[in-house]
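A.B. asks: Chain residues, written in single-letter form:
Number of protein chains: 2
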Amino acid sequence: MQRINVAIIGWGNVGRGCKRAIEECKDIALVGVVRRPASLLKNREELKNTTVVSDITELDKVDVALLCVPSREVPEKMKLYQKMGICTVDSYDEHQNIAALKKVADLDAKAHNVVSMIGCGWDPGTDSVVRALMKIVAITGQTTTTFGGEKGGRSMGHTVAVKAIDGVKDAVALTLANGRGKQKRRVYVELADGAKAEVVEKAIKKDPYFLDAPTEVLFVKDINKYNTLHHEGEVERTAMEVHQLYNVSGENPEFTGNVMVSCVRACMTAKARGEFGAYTLVERPLVDCLAGVTVEDKLEGY
Amino acid sequence: MQRINVAIIGWGNVGRGCKRAIEECKDIALVGVVRRPASLLKNREELKNTTVVSDITELDKVDVALLCVPSREVPEKMKLYQKMGICTVDSYDEHQNIAALKKVADLDAKAHNVVSMIGCGWDPGTDSVVRALMKIVAITGQTTTTFGGEKGGRSMGHTVAVKAIDGVKDAVALTLANGRGKQKRRVYVELADGAKAEVVEKAIKKDPYFLDAPTEVLFVKDINKYNTLHHEGEVERTAMEVHQLYNVSGENPEFTGNVMVSCVRACMTAKARGEFGAYTLVERPLVDCLAGVTVEDKLEGY
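If you read the sequences in order, they're chains A and B. Under our numbering, residues 14 to 315 are what the first sequence spells out, in order. Under our numbering, residues 14 to 315 are what the second sequence spells out, in order.
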């Protein structure tokens, strides 16, 4: 079997999740991790059998680049790899910018005969598929999504945003339900030596990621005590006589990595059909994300 | 706007549900209901503004036929309409036969330049999409689907099967959870005059629909007291360290009709692209089932 060659761009939680996900896929091979400078990742136990380079051109042929960088860096990185004829997958999470990103990315993808899967994480991503499903099962209605439940779930995007703030040594950002369609955030922060709590708290609350919901910042000595794998979300659609609910929950540390790696297959299927362009998860057949070749494989469990 | 012309084939709960769903779609027009003989539906209040015919050739141009007949009649009806150059949508629910049905239907659809959407109801249908999603979010694992919950939900397929049994005046079949991945059935039956309870009960329990789960048959005087709109299902996927749960519930009488009518759009989109064939819901982009034309429409709520 010809395997799909992928590179992981960036080495944070999502990059690690992608690596573990790839290990579960016989049809996908990790060619290497790209992190500038590569020396930053030298001697990492978790990467001892993995090629780490500063630039993707140092790797053998890469079919798909998994963009495991902060969302804000995704548009630029995507453009770079598209120009090199490499497909991309990302979990870009700025909902309000996705349609605009898609328009630009679609033109670039078509210009360079590649496929880019965008916004393919948890939300946007699989939750978006659930919201599309709800428009199908309840044609008229209003949809609300409530994240986090009562005990709160880990938000990758918010955690990454906090970790990038000066004075933060480590952090976990939780999302908790705060009434229907509303959330609140709770951020646990371990301060870097000499950092001032008030300054860090202000910076977090001013970050665009935290402007949409009340945010509580708690400073702790050991972040590991507050870490969690739990995530939870509820998508609800209501109309006059209809009430429809999809509840998603789980302990699943690789959620985002699994979704991104599954989308590698969708890239290659679309490319093989000459359907170059940028797509979200609702714009490609879900079956193209799954392992398997025959009709029976594809419909297993249908 | 050019509307899509559809005909409803058969007039049971699913047919009625499709009619109500069409009324919510500005881009889809109901051309008529096909029921042989049409005289059976004469003077029905619910059909007073609807053309009812015995044969589809009596209707103006039909783009898509909604096959609202019992599952067992679907393959034959599909073949008939495909030959006439008409696309079809069904909610065929015999899981074990779907791959085989798709193979035959796909050849016929390609031969006649049409598109058939098969198995597009609740389960198979949108639950199948959820199961595909779970393979994406948790690559390795075992999936189980448990229907009905504790209070039980209405099963359309089982209700139709019971109603077709001699001596049954009216019936409601509920599915209840019976442990993880297991179900039991409860059937409320109103007997026809002169029918014998023992004979009817035996016939129900021998029906292929009821062979897979313990079935309790209760005879009642007025079926309306036991009717319910509730439905519920849980799709669970587990592996070593992963537990992933999607729970679907709601009061949504038009669930199946809404899914089928949404798939009308997917038929026309595939046909317009020359992608003739037979597809399940996981084999087409979900966005093709939604109203809207522009990128912004398509990604609304993504």
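Do not rely on the hints blindly, as some may be mistaken.
The list treats identical chains as one, so a pair stands whether inside a single copy or across any two.
With a cut-off of at most 20 Å between alpha-carbon atoms, the simulated EDC-like pairs for lysine to aspartate or glutamate come out as follows [to be verified]: (1) Lys195 / Glu288; (2) Lys116 / Asp301; (3) Lys219 / Asp40; (4) Lys116 / Asp310; (5) Lys215 / Asp73; (6) Lys116 / Glu313; (7) Lys195 / Asp73; (8) Lys116 / Glu309; (9) Lys218 / Asp301; (10) Lys61 / Asp206; (11) Lys284 / Asp220; (12) Lys176 / Asp121; (13) Lys90 / Asp301; (14) Lys238 / Asp40; (15) Lys195 / Glu313; (16) Lys284 / Glu107; (17) Lys96 / Glu288; (18) Lys74 / Asp179; (19) Lys238 / Glu254; (20) Lys195 / Glu229.
None of these hints come from the bench; they were simulated from the model. Keep in mind the model is a prediction, meaning the values are calculated, not measured.
A.B. asks: Taking the hints in turn, state whether each one holds.
C.D. replies: Outcome of the hint check:
In the homo-oligomer, the alpha carbons of Lys195 and Glu288 never lie at most 20 Å apart, since the shortest distance is 38 Å inside one protomer and 42 Å across protomers. Within a single copy, Lys116 and Asp301 get their C-alpha atoms only as close as 22 Å, which misses the 20 Å cut-off; across copies the closest is 18 Å, which meets it. For a Cα distance limit of 20 Å, the shortest separation of Lys219 from Asp40 qualifies neither inside one copy, at 43 Å, nor across copies, at 45 Å. Proximity of Lys116 to Asp310 under the C-alpha cut-off of 20 Å is restricted to the inter-copy arrangement: shortest distance 13 Å between copies versus 33 Å within a copy.
Proximity of Lys215 and Asp73 under a CA criterion of 20 Å is satisfied in neither setting, with 45 Å inside one chain copy and 67 Å between copies. Taking identical chains as interchangeable, the C-alpha atoms of Lys116 and Glu313 lie at most 20 Å apart only when they sit on different chains, with a minimum of 14 Å there against 34 Å within one chain. Proximity of Lys195 and Asp73 under a CA criterion of 20 Å is satisfied in neither setting, with 46 Å inside one chain copy and 49 Å between copies. In this assembly of identical chains, the alpha carbons of Lys116 and Glu309 lie at most 20 Å apart only when taken from different copies (10 Å versus 35 Å within one copy).
In this assembly of identical chains, the alpha carbons of Lys218 and Asp301 never lie at most 20 Å apart, being 40 Å within a copy and 39 Å across copies at closest. Taking the shortest Cα distances, Lys61 and Asp206 never come within 20 Å of each other, neither inside one copy (30 Å) nor across copies (78 Å). Proximity of Lys284 to Asp220 under the C-alpha cut-off of 20 Å is found in neither arrangement, the shortest distances being 38 Å within a copy and 47 Å between copies. Taking CA atoms no more than 20 Å apart as the test, Lys176 paired with Asp121 passes in neither setting, with 31 Å inside one copy and 57 Å between copies.
Proximity of Lys90 and Asp301 under a CA criterion of 20 Å is satisfied in neither setting, with 24 Å inside one chain copy and 29 Å between copies. Proximity of Lys238 to Asp40 under the C-alpha cut-off of 20 Å is found in neither arrangement, the shortest distances being 37 Å within a copy and 54 Å between copies. In the homo-oligomer, the alpha carbons of Lys195 and Glu313 lie at most 20 Å apart only across protomers (19 Å), although the nearest pairing inside one protomer, at 37 Å, exceeds that limit. In this homomeric assembly, Lys284 and Glu107 never come within 20 Å of each other (Cα to Cα): the closest approach is 26 Å inside a single copy and 34 Å across copies.
In this assembly of identical chains, the alpha carbons of Lys96 and Glu288 lie at most 20 Å apart only when taken from the same copy (17 Å versus 29 Å across copies). Taking identical chains as interchangeable, the C-alpha atoms of Lys74 and Asp179 are never at most 20 Å apart, the minima being 37 Å within one chain and 66 Å between chains. Taking CA atoms no more than 20 Å apart as the test, Lys238 paired with Glu254 passes between copies only; the shortest distance there is 19 Å, against 45 Å inside one copy. Only within a single protomer do Lys195 and Glu229 lie at most 20 Å apart by alpha-carbon distance; the minimum there is 15 Å, versus 43 Å between protomers.
Checked against the numbered hints given earlier, this structure breaks hints 1, 3, 5, 7, 9, 10, 11, 12, 13, 14, 16, 18; the rest are met.
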